[in-house]
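Residue-level listing of the chains:
There are 2 protein chains.
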Amino acid sequence: MKVSLGAKPLALPTPAWLVGTYDADGRPNIATVAWCGVCCTEPPSIAVSLRKARHSHGAIVARKAFTVNVPSDRFVRETDYAGIVSGRAGDKFAATGLTSVPSDLVDAPFVDEFPLVIECRLAQIIEVGTHIQFIGEIVNVRADEAVLDANGLPDMLKVRPIVYDPGAKVYYGVGDAIGKAFSIGNEVKNGQE
Amino acid sequence: MKVSLGAKPLALPTPAWLVGTYDADGRPNIATVAWCGVCCTEPPSIAVSLRKARHSHGAIVARKAFTVNVPSDRFVRETDYAGIVSGRAGDKFAATGLTSVPSDLVDAPFVDEFPLVIECRLAQIIEVGTHIQFIGEIVNVRADEAVLDANGLPDMLKVRPIVYDPGAKVYYGVGDAIGKAFSIGNEVKNGQE
Numbered sequence: 001m002k003v004s005l006g007a008k009p010l011a012l013p014t015p016a017w018l019v020g021t022y023d024a025d026g027r028p029n030i031a032t033v034a035w036c037g038v039c040c041t042e043p044p045s046i047a048v049s050l051r052k053a054r055h056s057h058g059a060i061v062a063r064k065a066f067t068v069n070v071p072s073d074r075f076v077r078e079t080d081y082a083g084i085v086s087g088r089a090g091d092k093f094a095a096t097g098l099t100s101v102p103s104d105l106v107d108a109p110f111v112d113e114f115p116l117v118i119e120c121r122l123a124q125i126i127e128v129g130t131h132i133q134f135i136g137e138i139v140n141v142r143a144d145e146a147v148l149d150a151n152g153l154p155d156m157l158k159v160r161p162i163v164y165d166p167g168a169k170v171y172y173g174v175g176d177a178i179g180k181a182f183s184i185g186n187e188v189k190n191g192q193e
Numbered sequence: 001m002k003v004s005l006g007a008k009p010l011a012l013p014t015p016a017w018l019v020g021t022y023d024a025d026g027r028p029n030i031a032t033v034a035w036c037g038v039c040c041t042e043p044p045s046i047a048v049s050l051r052k053a054r055h056s057h058g059a060i061v062a063r064k065a066f067t068v069n070v071p072s073d074r075f076v077r078e079t080d081y082a083g084i085v086s087g088r089a090g091d092k093f094a095a096t097g098l099t100s101v102p103s104d105l106v107d108a109p110f111v112d113e114f115p116l117v118i119e120c121r122l123a124q125i126i127e128v129g130t131h132i133q134f135i136g137e138i139v140n141v142r143a144d145e146a147v148l149d150a151n152g153l154p155d156m157l158k159v160r161p162i163v164y165d166p167g168a169k170v171y172y173g174v175g176d177a178i179g180k181a182f183s184i185g186n187e188v189k190n191g192q193e
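As you go down the protein sequences, you meet chains A and B in turn. So for the first sequence, this note's numbering puts the first residue at 1; every next one is plus one. So for the second sequence, this note's numbering puts the first residue at 1; every next one is plus one.
Hint data in this document are derived by calculation from the structure and do not stem from the laboratory. Because the structure is a prediction, the values reported are computed rather than measured. Be careful, since some hints might not be right.
Remember, identical chains collapse to one label, so a pair may be satisfied in a single copy or spanning two.
PhoX-like cross-link-like pairs, simulated, lysine-lysine; straight-line CA separation at most 25 Å [said to hold, decoys possible]:
| id | residue 1 | residue 2 |
| --- | --- | --- |
| 1 | Lys158 | Lys8 |
| 2 | Lys2 | Lys189 |
| 3 | Lys64 | Lys180 |
| 4 | Lys180 | Lys158 |
| 5 | Lys52 | Lys2 |
| 6 | Lys169 | Lys180 |
| 7 | Lys189 | Lys64 |
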């Protein structure tokens, strides 16, 4: 029996990513977002939405660049902190002890301690409502060597990203592998169910 | 030590959601997407990206509506199937045994067996590249009563959504809760680390 919950952004799962930017004073900043996701394969593109009032909003508009930093679950405190506190109020890198590294490809910093970092050039600004969606063209992905699989791709269980529930406001880890894509569906296709 | 992987859409985690539409013949269809995410709080909005060649692309343009259907992990086979096969080739509801229910709010069907369903009115069409991003205004969320928590919100561990790794092409379940948002970050804020 389905019940209606009304017009609310209650999707599951959402990511918890940290957007890295330089502000007008050249200070590196990180802001946690859950309204985000990949949006194109070629050019590879990723979208992050921010309230206009957020410090990172002006930074992205000014520098036309940002990074998407994927925290491991052991950084859940830092991830939450970067969503609670504004970069206007202080230096979030200093407060968390995280290390800001300048990207040599885009005008934005990334978080050295996080296992997966996506460097983006601002491609489009979409007005949606309370939030502005920034579409970034991915110019490079950096990963810690230790989180790569045998094919040189980031391994989910080594990256250990955070999964966020925006309704109950709880962070989760990633669980077990449950199937290979473009493969397990053939069991339906072949009528084996 | 970070290594550069190049310009690729290697973000983690991504969702595995099924977009529900009616095609030109009025046939219900479902298509699996990973390039997607919430993009605004007010109006509550969600974005899904599809290749122009996909059957669902024309359906959304024509009907100006779609649903986002969140599968439980026990539907991983059906989820993968709906990403492998085109709606042009056959009836994916019939093949999977899933039930199509017409939304009474938007001109699109939803999947009855899935625990969480988001009904959307098409708000914007954004050309990104190989993919078109459809921004839908969420007009209602439906959830199975059985997956709601004590506050009437969808419970992550009852919904059991699928987490997707687009690099290795593997589906995962959700793991354990690791922290309360807007709360655990105060341990950093208060210098308790």
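Right, here's what the structure says about each hint:
| no. | hint | in the structure |
| --- | --- | --- |
| 1 | Lys158 x Lys8 | between (33 Å within a copy, 19 Å between copies) |
| 2 | Lys2 x Lys189 | neither (28 Å within a copy, 40 Å between copies) |
| 3 | Lys64 x Lys180 | neither (37 Å within a copy, 33 Å between copies) |
| 4 | Lys180 x Lys158 | both (17 Å within a copy, 23 Å between copies) |
| 5 | Lys52 x Lys2 | neither (35 Å within a copy, 32 Å between copies) |
| 6 | Lys169 x Lys180 | between (29 Å within a copy, 6 Å between copies) |
| 7 | Lys189 x Lys64 | neither (45 Å within a copy, 29 Å between copies) |
Of the hints listed earlier, those the structure fails to meet are numbers 2, 3, 5 and 7, in rising order.
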